[in-house]
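There are 4 protein chains.
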Amino acid sequence: MGTDTTPGRPLGVAAVGYAFMGKAHSNAWRNVGAFFDVPTFSQQVLVGRDGAAVKAAAHRYGWAEAATDWQEVIRRDDIDIVDICAPGWLHAEIAVAALEAGKHVLVEKPLANTLAESEAMVAAAAAARARGVQSMVGFNYRRVPALALARELIAEGRLGTIRQVRASYLQDWLADAEAPMSWRLRKETAGSGALGDIASHAIDQIQHLTGAAATAVSGRLHTFVTERTGPDGPEAVTVDDAAWATLSLGSGAVGSVEVSRIASGRKNALRLEVYGSHGSLAFDLENPNELQFYDGSVPGRTAGSTRILTTEADHPYAAAWWPPGHVIGWEHTFTHQIRDFLNHIAAGTAPSPSFEEGLQVQRVLAAIEESAASNSVTVPLG
Amino acid sequence: MGTDTTPGRPLGVAAVGYAFMGKAHSNAWRNVGAFFDVPTFSQQVLVGRDGAAVKAAAHRYGWAEAATDWQEVIRRDDIDIVDICAPGWLHAEIAVAALEAGKHVLVEKPLANTLAESEAMVAAAAAARARGVQSMVGFNYRRVPALALARELIAEGRLGTIRQVRASYLQDWLADAEAPMSWRLRKETAGSGALGDIASHAIDQIQHLTGAAATAVSGRLHTFVTERTGPDGPEAVTVDDAAWATLSLGSGAVGSVEVSRIASGRKNALRLEVYGSHGSLAFDLENPNELQFYDGSVPGRTAGSTRILTTEADHPYAAAWWPPGHVIGWEHTFTHQIRDFLNHIAAGTAPSPSFEEGLQVQRVLAAIEESAASNSVTVPLG
Amino acid sequence: MGTDTTPGRPLGVAAVGYAFMGKAHSNAWRNVGAFFDVPTFSQQVLVGRDGAAVKAAAHRYGWAEAATDWQEVIRRDDIDIVDICAPGWLHAEIAVAALEAGKHVLVEKPLANTLAESEAMVAAAAAARARGVQSMVGFNYRRVPALALARELIAEGRLGTIRQVRASYLQDWLADAEAPMSWRLRKETAGSGALGDIASHAIDQIQHLTGAAATAVSGRLHTFVTERTGPDGPEAVTVDDAAWATLSLGSGAVGSVEVSRIASGRKNALRLEVYGSHGSLAFDLENPNELQFYDGSVPGRTAGSTRILTTEADHPYAAAWWPPGHVIGWEHTFTHQIRDFLNHIAAGTAPSPSFEEGLQVQRVLAAIEESAASNSVTVPLG
Amino acid sequence: MGTDTTPGRPLGVAAVGYAFMGKAHSNAWRNVGAFFDVPTFSQQVLVGRDGAAVKAAAHRYGWAEAATDWQEVIRRDDIDIVDICAPGWLHAEIAVAALEAGKHVLVEKPLANTLAESEAMVAAAAAARARGVQSMVGFNYRRVPALALARELIAEGRLGTIRQVRASYLQDWLADAEAPMSWRLRKETAGSGALGDIASHAIDQIQHLTGAAATAVSGRLHTFVTERTGPDGPEAVTVDDAAWATLSLGSGAVGSVEVSRIASGRKNALRLEVYGSHGSLAFDLENPNELQFYDGSVPGRTAGSTRILTTEADHPYAAAWWPPGHVIGWEHTFTHQIRDFLNHIAAGTAPSPSFEEGLQVQRVLAAIEESAASNSVTVPLG
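The listed protein sequences correspond, in order, to chains S, W, B and Z.
The letter at position 39 of the first sequence is residue 39 when you use my numbering, and the numbering goes up by one with no holes.
The letter at position 236 of the second sequence is residue 618 when you use my numbering, and the numbering goes up by one with no holes.
The letter at position 189 of the third sequence is residue 953 when you use my numbering, and the numbering goes up by one with no holes.
The letter at position 13 of the fourth sequence is residue 1159 when you use my numbering, and the numbering goes up by one with no holes.
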């Protein structure tokens, strides 16, 4: 067990999982080098449980090999990076083992299904980091160009002091009461429902955009369709369909969160609004190449919300792509994520969001659950 | 004291107050008869404290006379209707006196600054109603054609079962920390801040659209600019700049409310989103002639949010105005309100929203304040 | 015949016509004084052919009297202003007579159905103007606040040199092939179809916004539904359903026009786009309280189209109305028109658009017809 | 010279050109197999004049080899497909040679710079087709899912009879008068300006969406910035900055076209509006995952423009990508194009748009130029 340290050898990459997230990550690995200057790497092996299926997926998605045993893969000398796209309950085991094996690790969000697992991962990441081994959690929406621009504008003070942040993430794939029962709707396998799945993105954005951490939360969870039918007949849904929260931020700002999987007509509507003393921003992931910016320094006669089409060469990540006005797709949030991950590995610096940041989001989610279980009473965060 | 009962005599109208709301109500009285069939009435007398100013306003706004003593006016035989546009702390005294004098009463929202006053008004209204004297509270946004249409579509079941309702009302006239201190920012004169002023509209809409009353709330209030300077120097702001709440509705739906006076770039953004099992609606008061309707019964290939321009002859109130596509302004929410008020008076039926409905909204607001004062813990509504 | 010159006497106003335009103009007369400082006037007499109907309309729309003989009315000493809302074929006769009688005249667009009539009106207007009698043609969309702002921004050079202007006016009330035959669809009564009715607005805007007159045009007309059924059975439609044109402007800019009455789903979509060397503007009359402004002087990173909500106190006409974000309706383009007309009368200055401007638009329309009749070959304007 | 006919051998692909279009096509080749079921192929060789540059590009974009001599490449037995992304003046020579060598050919639009060249290409394509060798011209916007859906809805009669089609394509990369002279602005190298470059797309869309060919046109061209400075100093611009046209279509519909490279603030705004007797559609390429559909069969009360987010599984091409609401980028118009091209090759059927279709668009462009040179007089198309 170790890593081949031949100078100039391409970084060997293994990915675990080939479902929705595996497809998206593979796409990013296959394309990142065509658009960005990154260290040389080899899209080496795709890992999955079903041998035939993973072989077909590896071929389709551009991996040189397929494998079924992730433990064996992380022992390989030619593998330097492990990208974990497996379900949440497997994150901790694979990530800790890979880090201990000296592999850089990228893991999909949420970091893990439990705080205990997340804490173990953070410990492993810290130890690995001391040895020059990097890790990152996949809050990919930080790398939507419009949201990266939003963060820059906020950090530069273009909005003044941030006071109020509104985040919602609305989908409708469970609006139909006839949609079937699945592992995603059982607490023991999924951890939570809309909360962990999509509120995690919303909360990461609130904290990342403002640069401020939640210090207290009040929350609420609700399941509108309490029973669904699966292969084994009707069964209770034990996770939330929707969640609400308010967050006190360390900066003095207040954030609000509302997420839903039953919001008929909303498909992937992560919406963010940031209100500062001198301006505001708005964003909708269904229209990801646009950022709305209200610049309070413009005199009232021509002030208003400006639709910034984030395809100009001076927008984050945009110079690598196409001419102005030629938009990019949702999937390239992952491409940008891998670009930054690779460059950090090459530079020997720690990428962000770190496992610590992932854990902190998990703690906010846990506090929301705690508040929800106590009539929404405010729960402080340590 | 009494009312002239000569048959066919035009209804005599008196209005109290000529500031923002007085201007808006006067405009409605001046125009309602040009567009709608209503009982004959006379825009008789405008009442205010400053004799010269009220005389000028009466002339400008189309009133036959001006007066300074509302008590004298409500004793006049030729006055049948009293429209109260004075500040909230005067509502109860004038309304109760006018009702007792046998005058029909329209009062601006919020019903009153305190629950005690509101309850007294409700008692007076109930007693008057028994005598055929009508009363109404001015939640004028119920009569935006788009929102009246929204209510119809919901009531007809076009959205299926309503599950999630989102209401926000965002303005920015206090975003500037240099905006001066005023009576609106003192608890003793204003009662509350954004909560009473604009969350009242949001809450009325949630309940009116869904036809369901709040049974429990969790709330939060926040003042971002805690001190402002007035004519007498710096002074503490004692009302909220922003408020948040979640509402359990009797129907099983969950509502959320967020309001703000410091949301830079939002001018009058009352936004409503209603999600049902089979469709959804969205509305923004900055664009009041449009309703967005997602009809879940349309097959997926052509489904989507439909922008309904509510200027067709079969839209509520619209036939009276202009041809399709010729939009109307904010002010005609009041015109529609007075049209309905007058027709109820003529029919001898009770208009809605009644004082009881106004009181119920006040109770929800009070519960939000109570929750906010107790770390957002859920407060049941009796 | 003459005018009572008693100092301080209110200006007496007569309006001719009480259909769609009469209703809109009456509304403006009834309301202008409540919002703007204008000379004192009396909404005196409404004129129409049907005695009973005009009497009812006068009562409903706020006129003191009704009359059926416009010739008699323009001889009255107490009438100072004649507002002509009658059909186009009556414009010339009434306007010339009224001007000769010393009455200020406001006439709806288009100025007249024929160039000969328009020229007679211009001659009468010029002669009257020399005697201090004013006249104006009703291109009311110049007084949409957003379009008045557009003109200001262009005149101030905020867009640089104007190069390309796009105007379209799309409606759909004739999309249905079953819509009945009417006088509006016969050349002898209507003059033309979409061309005179709505392209006139588009062309006036192009010239007014840019401050440049058309010097040559290429045009095309088309009738998609060539026969419709009226009370007397099927009949040929002899006017255009749609029209297209390009305009060379004296400034070197190029304008394009496309108008239609069969554009399914467009209700009142007068859309304007102005492209300059350093910025651009866009407007849609279905959303008349907004102007889109692209300010080319903003650095690319935050440049984009800004949605200006034209309800701020420093927007044209807006201070008179409601607080920011409280929009006004289509009808107040007429209110603004009358405000400016009255103030010019009081000041003894000539209002704009003058009859000469109205005639010039008629000449552009005639040149488009001429081009359309000659395979779209370019027709110069004198 | 020939083609290796070993059964099951992957199709060998060569691409000529690695600038903007070469990058876009390479991206499509690199990704098509990960999303769609296509015949097996090998992304074999990238051809360019500069040996070092093409080698770097080949590596970056996923090609196995680089080469500098296209003539040599098309003689290779292992090459089955030639994808021509070189400038327009090279299209004819390469395409004809490749077709004669038995290679399937995909060529970027416009087909060629002259009609003579285009006709030669059509002849070669027809001859090759008879031998089972396929060819296609790159009007990639036919394969935007929203536009493919538009065509389906029109073909199904959902809009009724199509009457009026509006197409504009607005960009602003030449708005700045300081933008430098280049080969694209000289008639001898570029053929034309906005006309050939972007009006070609607009015209192809009008004809493709409606299924009707232009039978006559009136056109106009204009150059707003007549001189620009290049490396050799100031020089006359000899192509158009903007173009306008109206098109008579064989079906009886009328189309209009307006294109510009100086439309400040528009980046890539290909906008299409199609008006039928019973509905309409609208599209904007700056927001390519949306189609606006006005369904005239919906009763007026809920009728309006529906924003269809074309990411549902039953939308064209969409099932291959991501879940609903997860949008794709501009570049995948090319991915879809190659998917269809490959499948036609495998099936032995002729793909569309054919060279004949490309030539027909060139003829429309030529007629517009002819009309523009003759004062916009209508020019019939044979």
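Think of the hints as simulated: they come from the structure by calculation, not from any bench.
Quick caveat: nothing in here was measured; it's all calculated off a predicted structure.
Careful: at least some of the hints might be erroneous.
Computed cross-link-like contacts, DSSO-like style, restricted to lysine-lysine with a CA-CA straight-line distance of at most 27 Å [said to hold, decoys possible]:
hint, chain 1, residue 1, chain 2, residue 2
1, W, Lys649, W, Lys569
2, B, Lys951, B, Lys1031
3, S, Lys187, S, Lys267
4, S, Lys23, Z, Lys1169
5, B, Lys951, W, Lys405
6, S, Lys187, S, Lys23
Requested in this report: Any hints from earlier that this structure breaks? Give me their numbers in increasing order, please.
Outcome: 5
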